[in-house]
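We have chain A; now place chain B onto it with these hints.
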Amino acid sequence: SQKIEQNSEALNIQEGKTATLTCNYTNYSPAYLQWYRQDPGRGPVFLLLIRENEKEKRKERLKVTFDTTLKQSLFHITASQPADSATYLCALGSGGSYIPTFGRGTSLIVHP
Amino acid sequence: IAGITQAPTSQILAAGRRMTLRCTQDMRHNAMYWYRQDLGLGLRLIHYSNTAGTTGKGEVPDGYSVSRANTDDFPLTLASAVPSQTSVYFCASSDAAGELFFGEGSRLTVL
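Protein chains in written order, with the numbering used here: chain A, 1 to 112; chain B, 1 to 111.
Careful: at least some of the hints might be erroneous.
What the hints assert, rightly or not - Looking from chain B toward chain A, a few residues come up when the C-beta cut is under 10 Å (computed):
hint : residue
1    : 41
2    : 42
3    : 64
As the list claims (entries may be wrong) - Label pairs and their calculated CB-CB ranges:
hint : chain 1 : residue 1 : chain 2 : residue 2 : range
4    : B       : 70        : A       : 76        : 19 to 29 Å
5    : B       : 67        : A       : 81        : 20 to 30 Å
6    : A       : 16        : B       : 73        : 42 to 52 Å
7    : B       : 80        : A       : 29        : 31 to 41 Å
8    : B       : 10        : A       : 10        : 18 to 28 Å
Worth flagging that the hints you see were computed from the coordinates, not collected in a lab.
Here the structure is a predicted model, which means the values were calculated and not measured.
A virtual CB, placed ideally from N, CA and C, is assigned to each residue, including glycine.
Bound conformation, chain A alone (with noise of 0.2 Å):
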């Protein structure tokens, strides 16, 4: 069956260092991947979009890579904040639908 896998434990860091966290799925030919966050609270806010055909996206201090043969995503945050603290949502998309499917998220905690 499908899969989508993220980290269910909180990822500690300290401010200043870079945050990365990892998305792995199975059975899927995603033709795209994107990431979300969410406050408490809050709906989830789209950040970024990859396609299957590339390899990395940059988008100021956050950095997505997408490897289809080891299946997994890496979302980077550089410079970390504490007001980047928050839960971190992969999605995939695939097939003629393109609904995406979410992973469980992986909530990050940036310590001052």
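Leaving out everything else, chain B in the frame of chain A:
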């Protein structure tokens, strides 16, 4: 710019009652979605609509119905609520690029 508006933001409901969660968008997006989010289970798709007049079932459609009479509105109805439908419900729409825009959620408690 409102984006996606959901109502109510929170509701406590007796089991067996009928409930409609409202969702309105002002971005003229063709596609709209309803997800539920439960602790430990993440976001799961309930129903979707690719365009006005069409709807489809997602991963967990049982006990829910939707309609899409026009582009802007996509209400979700629980015909007879059960406690397992206690959840946070998110409505979303997407543009041609595939980016989803979410509302702030409707927190529903069924007793």
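Going through the hints against the structure:
A cut of 10 Å between beta carbons decides the hint on residue 41(B): the least distance to chain A is about 7 Å, and the hint holds. The criterion of a C-beta within 10 Å of any C-beta in chain A is met by residue 42(B), whose closest approach is roughly 4 Å, and the hint holds. Interface restraint check: residue 64(B) against chain A, minimum CB-CB distance 16 Å, threshold 10 Å, status violated. For the pair residue 70(B) and residue 76(A), the beta carbons lie near 41 Å from each other, so the given range of 19 to 29 Å is not met.
Between residue 67(B) and residue 81(A) the beta carbon distance is about 43 Å. The supplied range of 20 to 30 Å is therefore violated. The supplied range of 42 to 52 Å is met by residue 16(A) and residue 73(B), whose beta-carbon atoms lie about 46 Å from each other. The given range of 31 to 41 Å is respected by residue 80(B) and residue 29(A), whose C-beta atoms sit roughly 39 Å from each other. The supplied range of 18 to 28 Å is met by residue 10(B) and residue 10(A), whose beta-carbon atoms lie about 26 Å from each other.
Checked against the numbered hints given earlier, the structure breaks hints 3, 4 and 5 and satisfies all the rest.
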